[in-house]
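Top line first, the protein sequences correspond to chains A and B.
Position in the first sequence (first residue = 1) + 36 = the numbering used here.
Position in the second sequence (first residue = 1) + 4 = the numbering used here.
These are computed hints drawn from the structure, not numbers from a lab.
Here a beta-carbon is modelled for each residue, glycine too, at the ideal position from N, C-alpha and C.
Check before you lean on any hint, since a few could be wrong.
Here are some of the chain A residues that sit facing chain B, going by a computed Cβ distance under 8 Å [said to hold, decoys possible]:
1) R53
2) L63
3) H141
4) P151
5) I175
Calculated pairs, DSSO-like style, for lysine-lysine (alpha carbon to alpha carbon, straight line, at most 30 Å) [to be verified]:
6) A/K119 x B/K341
7) B/K272 x A/K119
8) B/K342 x A/K52
9) A/K145 x B/K152
10) A/K58 x B/K152
11) B/K322 x A/K44
12) A/K52 x B/K58
13) A/K52 x B/K341
14) B/K58 x A/K119
15) B/K152 x B/K272
16) A/K44 x B/K194
17) B/K341 x A/K145
18) B/K152 x A/K119
19) A/K145 x B/K58
20) B/K322 x A/K52
21) B/K58 x A/K58
22) A/K44 x B/K272
23) B/K272 x A/K58
24) A/K191 x B/K210
25) B/K210 x A/K58
26) B/K342 x A/K58
27) B/K51 x B/K210
28) B/K322 x B/K341
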Amino acid sequence: MLCESCGKNPVVTHVKRIINGKLTEYLLCAECAQRLGYGNLLTELGGNYGSLLGEFFGEFERTDLVRCECCGASFNDIVRSGKVGCAECYRTFYDRLIPLIQRVHGNTKHRGKMPGGSMIKTPPQEQLSLMRRELREAIRTENFEQAANLRDRIKELEGGERRG
Amino acid sequence: MDNLRENEYDRDVVISTCIHLTRNLNGIPFPARMSRGDRLTVVQRAKEAVEENKALAHILRYIDMEGLSKTEAVSLVERHLVSADFISDCSGRGVFITDDESLSIMVNEEDHIHIQAYLWGLNLENAYQKADILDDLFNRSLHFAFHKDLGYLTQNPILLGTGMRASLILHLPALHESGGITRLSSNLSKLGLSLSGVYGAGEAPKGAVYQLSNQVTFGLSEQEAIANLKSIAMQLVHQERGLWEELVEQPELQDAVSRSLALLQSAKMMGYEEFLQLASNVRFGISTGLIEGVNSDQLNRLMIAMQPATLTLRSGRKLTQNERRILRADQIREMLKK
Ligand SMILES: [Zn+2]
Ligand SMILES: [Zn+2]
């Protein structure tokens with residue numbers, strides 16, 4: 037299939053938009069996706085996972101015996117679709133995915149939030165007000181253990197905030 | 005939607021802010037490999053997460069996408085609550101929204117959970133804070149998939165790391181007219197940002213409305229990504245405003261601005277794309293002081309409400325295209341009346 041914008045190159049991205057009340061799909065090549073602002077780190081590298089990995093391995097691996105126990109995906113399935121099958125796949129195929137991930141993202145590690153992490157840091161007012169609401173609810177439903185818990189945490193957070 | 009604002013100065017260029025967080029559950033295939041049963045399981049677990057947490061249950065309302073008419077589904081996209089991709093296949097999908105429509109959580113989009121916080125104006129920190137809180141509250145029950153080196157695990161490895169996209173909706177009439185957007189857009193992509201048209205994906209999006217988003221999610225924190233986006237946005241604001249000084253002196257432009265307002269205030273039938281173009285001129289007039297007595301909040305509200313599906317939905321009946329144009333013109337006149 038050829039790009040709708042230039043009519044020359046093969047399609048790598050489908051951009052869906054609502055235009056004038058209608059669901060509209062634009063099929064774009066890497067170059068046009070880039071030019072029109074629909075590019076991503078991958079189109080920046082000129083294509084899709086298949087061609088990227090081709091550079092690493094020459095061709096698809098013929099032996100494709102390992103399958104993810106959770107979702108049943110093989111490594112070839114991931115490469116072909118450009119989509120990882122499930123969270124477990126990242127562990128199952130870790131060594132084979134890493135070169136690809138580094139190619140796209142550079143040789144680096146996650147530096148952002150950890151799950152639940154921001155709860156520990158400075159409490160935003162909003163979080164406090166959510167917790168106060170939870171507390172009122174816990175008292176109303178006579179869930180006193182939870183209420184006591186919440187009261188302690190609110191106190192802790194308020195204390196932290198005043199000091200900060 | 006919330007009316008909090010950081011800075012009046014930026015508001016004439018930055019229309020709105022949106023933060024997206026993508027999250028997944030462990031032990032269930034990602035959406036591309038999900039069975040219908042898997043989809044329903046994730047929906048069920050998300051619903052339970054909301055029910056278990058009174059703070060969430062209090063503010064969120066669930067909408068089953070399968071139960072919606074086409075008009076209702078399209079209107080959700082027009083109101084920025086879900087993506088266009090999301091409504092292209094509604095099976096096993098649902099969305100939680102707040103009454104003020106500033107927060108939404110798509111279930112089973114590209115990833116299991118997609119949190120969005122949408123605020124008017126340049127409001128990155130506030131929008132992030134809202135999304136961040138929702139993330140924490142959902143995480144208590146759902147325990148999102150995470151790897152210490154890779155960050156949040158996503159279906160598409162491009163989003164690994166923070167799984168966060170931050171975007172700003174910008175009004176860039178002068179850069180748009182100067183034809184400089186394409187060059188800007190390709191320069192920005194080298195910096196890991198994207199700039200694309202909001203109304204139309206082609207060469208000339210309507211209304212000079214663009215979306216600026218970060219592309220890089222890995223190897224930097226949410227705060228750093230937001231700071232980068234903000235500093236680039238400020239440069240764009242600066243460039244855009246730099247072009248205004250000269251433009252605002254041109255009689256042709258002053259004329260176009262005045263005529264556009266007059267049309268909006270008097271037309272009896274109005275198409276949405278025509279409205280976008282006129283609104284763009286009027287917004288420029290407001291920003292540069294050529295127009296008084298009309299404000300950009302009114303235009304923002306109209307930009308959402310005048311879209312075809314949303315207009316139809318709120319009228320409570322089926323409308324032909326002509327009826328829609330008439331109703332749209334009526335409501336615009338009412339909103340902008342002298
Ligand atoms: Zn092309
Ligand atoms: Zn898997």
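Hint by hint, here is what the structure shows:
1. R53: With a minimum Cβ separation of about 5 Å from chain B (threshold 8 Å), the hint on A/R53 holds.
2. L63: Result: violated, 10 Å to nearest chain B Cβ.
3. H141: Given a least distance of 4 Å, the restraint on A/H141 holds.
4. P151: 5 Å, holds
5. I175: 11 Å, violated
6. A/K119 x B/K341: 51 Å, violated
7. B/K272 x A/K119: 49 Å, violated
8. B/K342 x A/K52: 38 Å, violated
9. A/K145 x B/K152: 8 Å, holds
10. A/K58 x B/K152: 42 Å, violated
11. B/K322 x A/K44: 42 Å, violated
12. A/K52 x B/K58: 36 Å, violated
13. A/K52 x B/K341: Since the Cα atoms of A/K52 and B/K341 sit roughly 36 Å apart, the hinted pair is violated (cutoff 30 Å).
14. B/K58 x A/K119: 35 Å, violated
15. B/K152 x B/K272: 59 Å, violated
16. A/K44 x B/K194: Within the cut-off at roughly 23 Å; holds.
17. B/K341 x A/K145: It is violated: about 55 Å lies between the C-alpha atoms, which goes past 30 Å.
18. B/K152 x A/K119: Answer holds: B/K152 to A/K119 is near 20 Å, not above 30 Å.
19. A/K145 x B/K58: 35 Å, violated
20. B/K322 x A/K52: Holds, at roughly 25 Å.
21. B/K58 x A/K58: 37 Å, violated
22. A/K44 x B/K272: 43 Å, violated
23. B/K272 x A/K58: It holds: about 24 Å lies between the C-alpha atoms, which stays within 30 Å.
24. A/K191 x B/K210: 51 Å, violated
25. B/K210 x A/K58: Since the Cα atoms of B/K210 and A/K58 sit roughly 15 Å apart, the hinted pair holds (cutoff 30 Å).
26. B/K342 x A/K58: 33 Å, violated
27. B/K51 x B/K210: 38 Å, violated
28. B/K322 x B/K341: 27 Å, holds
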